[in-house]
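Q: Okay, here's what each chain looks like letter by letter:
Protein chains: 2
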Amino acid sequence: MDSLKGNFIIAQGGGPTAVINASLTGAVVEAFDKLDRSSQVWGAKDGITGLLNEAFIDLRNQPDGIWDKIRITPAAALGSCRKKLTEEDLTHAVEICRKYDIRYFIYIGGNDSMDTANKMSKTAQEMHYEMYAAGIPKTIDNDLPETDFCPGYGSCARYFAQATIDLGADIRALPTPISVMEVLGRNAGWVTAATMLARKKPDDAPHLIYVPEAPLSIEKFLYDVKEVYDRRGWVVVTISEGVCDEHGESLAASIGKAAVDGFGHALPGDVAPTLAQTINREFGLRARSEKPGLVARASSHHVSSVDREAAEGVGRFAAQHIFTGNTDFMAAIKRESNQPFKVSYFAVPLEKAANIERLLPRKYINKDKNNITDSFRKYVEPLIGGPLRHYTRLNY
Amino acid sequence: MDSLKGNFIIAQGGGPTAVINASLTGAVVEAFDKLDRSSQVWGAKDGITGLLNEAFIDLRNQPDGIWDKIRITPAAALGSCRKKLTEEDLTHAVEICRKYDIRYFIYIGGNDSMDTANKMSKTAQEMHYEMYAAGIPKTIDNDLPETDFCPGYGSCARYFAQATIDLGADIRALPTPISVMEVLGRNAGWVTAATMLARKKPDDAPHLIYVPEAPLSIEKFLYDVKEVYDRRGWVVVTISEGVCDEHGESLAASIGKAAVDGFGHALPGDVAPTLAQTINREFGLRARSEKPGLVARASSHHVSSVDREAAEGVGRFAAQHIFTGNTDFMAAIKRESNQPFKVSYFAVPLEKAANIERLLPRKYINKDKNNITDSFRKYVEPLIGGPLRHYTRLNY
Numbered sequence: 004m005d006s007l008k009g010n011f012i013i014a015q016g017g018g019p020t021a022v023i024n025a026s027l028t029g030a031v032v033e034a035f036d037k038l039d040r041s042s043q044v045w046g047a048k049d050g051i052t053g054l055l056n057e058a059f060i061d062l063r064n065q066p067d068g069i070w071d072k073i074r075i076t077p078a079a080a081l082g083s084c085r086k087k088l089t090e091e092d093l094t095h096a097v098e099i100c101r102k103y104d105i106r107y108f109i110y111i112g113g114n115d116s117m118d119t120a121n122k123m124s125k126t127a128q129e130m131h132y133e134m135y136a137a138g139i140p141k142t143i144d145n146d147l148p149e150t151d152f153c154p155g156y157g158s159c160a161r162y163f164a165q166a167t168i169d170l171g172a173d174i175r176a177l178p179t180p181i182s183v184m185e186v187l188g189r190n191a192g193w194v195t196a197a198t199m200l201a202r203k204k205p206d207d208a209p210h211l212i213y214v215p216e217a218p219l220s221i222e223k224f225l226y227d228v229k230e231v232y233d234r235r236g237w238v239v240v241t242i243s244e245g246v247c248d249e250h251g252e253s254l255a256a257s258i259g260k261a262a263v264d265g266f267g268h269a270l271p272g273d274v275a276p277t278l279a280q281t282i283n284r285e286f287g288l289r290a291r292s293e294k295p296g297l298v299a300r301a302s303s304h305h306v307s308s309v310d311r312e313a314a315e316g317v318g319r320f321a322a323q324h325i326f327t328g329n330t331d332f333m334a335a336i337k338r339e340s341n342q343p344f345k346v347s348y349f350a351v352p353l354e355k356a357a358n359i360e361r362l363l364p365r366k367y368i369n370k371d372k373n374n375i376t377d378s379f380r381k382y383v384e385p386l387i388g389g390p391l392r393h394y395t396r397l398n399y
Numbered sequence: 004m005d006s007l008k009g010n011f012i013i014a015q016g017g018g019p020t021a022v023i024n025a026s027l028t029g030a031v032v033e034a035f036d037k038l039d040r041s042s043q044v045w046g047a048k049d050g051i052t053g054l055l056n057e058a059f060i061d062l063r064n065q066p067d068g069i070w071d072k073i074r075i076t077p078a079a080a081l082g083s084c085r086k087k088l089t090e091e092d093l094t095h096a097v098e099i100c101r102k103y104d105i106r107y108f109i110y111i112g113g114n115d116s117m118d119t120a121n122k123m124s125k126t127a128q129e130m131h132y133e134m135y136a137a138g139i140p141k142t143i144d145n146d147l148p149e150t151d152f153c154p155g156y157g158s159c160a161r162y163f164a165q166a167t168i169d170l171g172a173d174i175r176a177l178p179t180p181i182s183v184m185e186v187l188g189r190n191a192g193w194v195t196a197a198t199m200l201a202r203k204k205p206d207d208a209p210h211l212i213y214v215p216e217a218p219l220s221i222e223k224f225l226y227d228v229k230e231v232y233d234r235r236g237w238v239v240v241t242i243s244e245g246v247c248d249e250h251g252e253s254l255a256a257s258i259g260k261a262a263v264d265g266f267g268h269a270l271p272g273d274v275a276p277t278l279a280q281t282i283n284r285e286f287g288l289r290a291r292s293e294k295p296g297l298v299a300r301a302s303s304h305h306v307s308s309v310d311r312e313a314a315e316g317v318g319r320f321a322a323q324h325i326f327t328g329n330t331d332f333m334a335a336i337k338r339e340s341n342q343p344f345k346v347s348y349f350a351v352p353l354e355k356a357a358n359i360e361r362l363l364p365r366k367y368i369n370k371d372k373n374n375i376t377d378s379f380r381k382y383v384e385p386l387i388g389g390p391l392r393h394y395t396r397l398n399y
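Chains as they are written, first to last, in the numbering used here: chain P, 4 to 399; chain V, 4 to 399.
Please note that a few of the clues may not be correct.
Intra- or inter-copy, both count: the list cannot distinguish identical chains.
Quick list of in silico lysine-lysine cross-link-like pairs, BS3-like style, CA-CA up to 27 Å [said to hold, decoys possible]:
#, residue 1, residue 2
1, K370, K203
2, K229, K86
3, K102, K125
4, K204, K72
Derived by calculation from the structure, the hints in this document are not laboratory data.
The task is simple: from the sequences and hints, build the whole structure.
A: Dropping the structure here:
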């Protein structure tokens with residue numbers, strides 16, 4: 004293939020992951036390879052706002068060997084944003100592209116970013132500006148449709164599954180025998196569901212798993228905790244930050260509804276500490292809460308090799324596909340086999356990916372809505388990229 | 004040395020660490036080596052309560068090769084407790100020792116456990132029962148006196164320092180530019196202070212560090228956060244869970260003083276979410292909180308090799324020293340040199356270690372009481388057992 008001409012820009016949107024920079028590296032290295040030397044390869048600083056503000060990062064002009072390091076660096080190397088573009092912004096964005104002769108635009112992100120990429124492409128067509136636009140999926144939430152999984156998910160899943168093993172080892176030996184761990188994921192329970200991988204024997208943590216796809220009442224929660232405590236003497240709960248009650252209200256908010264501080268201000272609170280406090284109060288049992296929060300998605304110590312390779316591969320594919328004249332697509336991952344784990348990449352129309360949330364299927368949630376079924380293991384286990392560290396126990 | 008006769012029991016007290024089982028292994032393997040085959044080597048199940056309840060774990064009768072695995076397993080392999088013994092308990096405990104011909108008692112733990120070991124020894128003397136008692140220091144809090152550091156501290160320090168780097172990388176690239184991370188440590192700020200190791204350049208996280216040794220008002224906290232935000236555009240705060248205001252009241256409680264839920268119950272809350280909410284409310288800035296909690300002290304992925312080796316070494320020393328006829332001592336660590344890092348072990352009378360909390364010295368806290376001075380690096384850096392993972396940034 005002859006060298007292509009045309010300037011290239013890539014951006015990162017939404018919350019970062021531990022492997023989003025692998026996707027960036029995959030796409031950028033491909034751009035270096037396929038575009039002629041006169042074509043610019045830019046990063047937009049802080050997501051799409053960097054395009055609007057003409058804040059471009061010159062990706063050609065970086066220290067030697069930097070991409071080998073950026074590839075394994077968590078968080079968004081270009082910076083990120085959470086901006087929804089107005090009609091006016093979209094027109095402006097395309098005008099900026101015209102001004103700088105930007106012919107290729109790739110957005111690495113989640114649902115909102117796919118929506119932005121889609122609208123950029125449509126607006127360019129309406130404005131008769133020839134431009135290719137594509138998306139690369141990225142989200143720990145794993146909630147983009149069409150793709151088998153979203154890069155970033157496997158590493159975050161690995162983090163929380165290992166944290167559940169670690170926490171379980173600690174809690175099991177303690178006189179404070181209850182802990183509620185809050186897990187990332189507002190609407191989708193994919194990450195929380197992955198904590199089931201911590202369990203090798205029936206007695207292992209986690210004993211209860213709550214995902215946002217199943218509404219939960221505080222009464223049911225307390226009943227479940229008491230039941231496990233009475234039976235096992237210790238309880239580790241994993242719960243998605245976004246779990247809601249039957250009325251769709253966040254569980255934390257619904258418990259602390261009238262909670263106000265000394266100044267009369269509302270105190271919404273996080274779900275795990277709120278639930279731990281409720282256990283303390285209702286049962287007089289010592290309960291704690293843990294919330295690794297963003298540490299979980301930024302930890303390079305828990306990156307899944309499968310996740311990182313797919314992140315890079317899908318990034319490379321997106322650039323290859325855009326450079327062969329395709330537009331308006333999201334690069335996606337197809338699982339070819341589990342043993343050995345193999346994937347291939349393909350393109351789906353952006354409109355099939357934008358603004359659609361893929362939730363955890365009902366079949367993976369047990370009947371009692373407080374755990375994840377064993378059938379989920381087949382889906383998730385290969386994505387965490389190798390065995391977790393399970394610990395040895397003395398015989399007694 | 005001829006083989007010794009006499010039964011041996013070892014227990015683990017208080018909150019576990021990632022390396023407490025290395026101390027257990029060091030002492031137990033030494034017991035196997037020095038005691039004759041007719042002498043029992045027991046673990047007390049769940050700390051001193053296992054002695055009182057005659058719940059003994061037969062440590063000789065374990066699968067082959069298990070100690071190589073237990074050595075690297077976080078959390079308390081024997082189980083733990085937080086029991087303070089009454090006079091009656093102490094008499095009972097010594098009677099149990101007499102009943103089972105237990106001549107050697109070692110307690111691995113923090114201040115309370117050293118106190119228990121000390122009282123056991125004194126009570127045995129009063130009861131004219133010949134028995135040797137010793138303590139092995141263990142606490143992430145690093146607050147035992149006499150020893151250069153407490154096993155468990157270096158690994159927990161390593162965890163939080165790396166978590167601060169990871170969180171910093173994430174937050175720096177985000178439109179939610181403030182995070183408050185809650186760090187383990189109720190009264191002593193040693194672990195929180197170690198997050199200073201995350202900072203290589205002045206702009207790096209953490210920007211503000213608060214330890215319990217320096218009282219903090221909410222007004223001062225808000226002033227500091229705003230100042231850093233205005234100057235840098237992003238803020239990562241690390242704060243000990245136990246930070247108090249000028250009146251000695253926990254900061255979380257003092258803010259949410261009149262906080263009650265819908266049922267009129269007090270909601271004490273954790274310090275980090277309470278502070279993040281206060282930033283949101285006072286400045287209209289998005290702020291988050293993270294609280295790795297027990298995950299931090301149970302993580303085998305962040306174990307410091309220096310910490311683990313010292314944990315095992317001090318455990319082995321305690322057993323060697325007790326078997327040569329010494330009693331009433333805590334095994335302790337002396338730092339011989341920093342380059343290369345070398346330690347030796349020695350014994351201190353238990354009463355010099357029991358019930359004394361070694362707080363972070365004032366010299367390590369900056370004048371403005373919102374950071375840790377560079378001089379602390381020399382103390383803490385060798386303890387984390389090797390460089391942290393610092394990340395590469397693109398040039399822009």
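Q: All hints, please: hold or fail.
A: Hint by hint, here is what the structure shows:
1. Within a single copy, K370 and K203 get their C-alpha atoms as close as 21 Å, which meets the 27 Å cut-off; across copies the closest is 51 Å, which misses it.
2. Proximity of K229 to K86 under the C-alpha cut-off of 27 Å is restricted to the inter-copy arrangement: shortest distance 24 Å between copies versus 44 Å within a copy.
3. In the homo-oligomer, the alpha carbons of K102 and K125 lie at most 27 Å apart inside one protomer (18 Å), although the nearest pairing across protomers, at 85 Å, exceeds that limit.
4. In this assembly of identical chains, K204 and K72 lie within 27 Å of each other by CA distance solely across copies; the values are 18 Å between and 39 Å within a copy.
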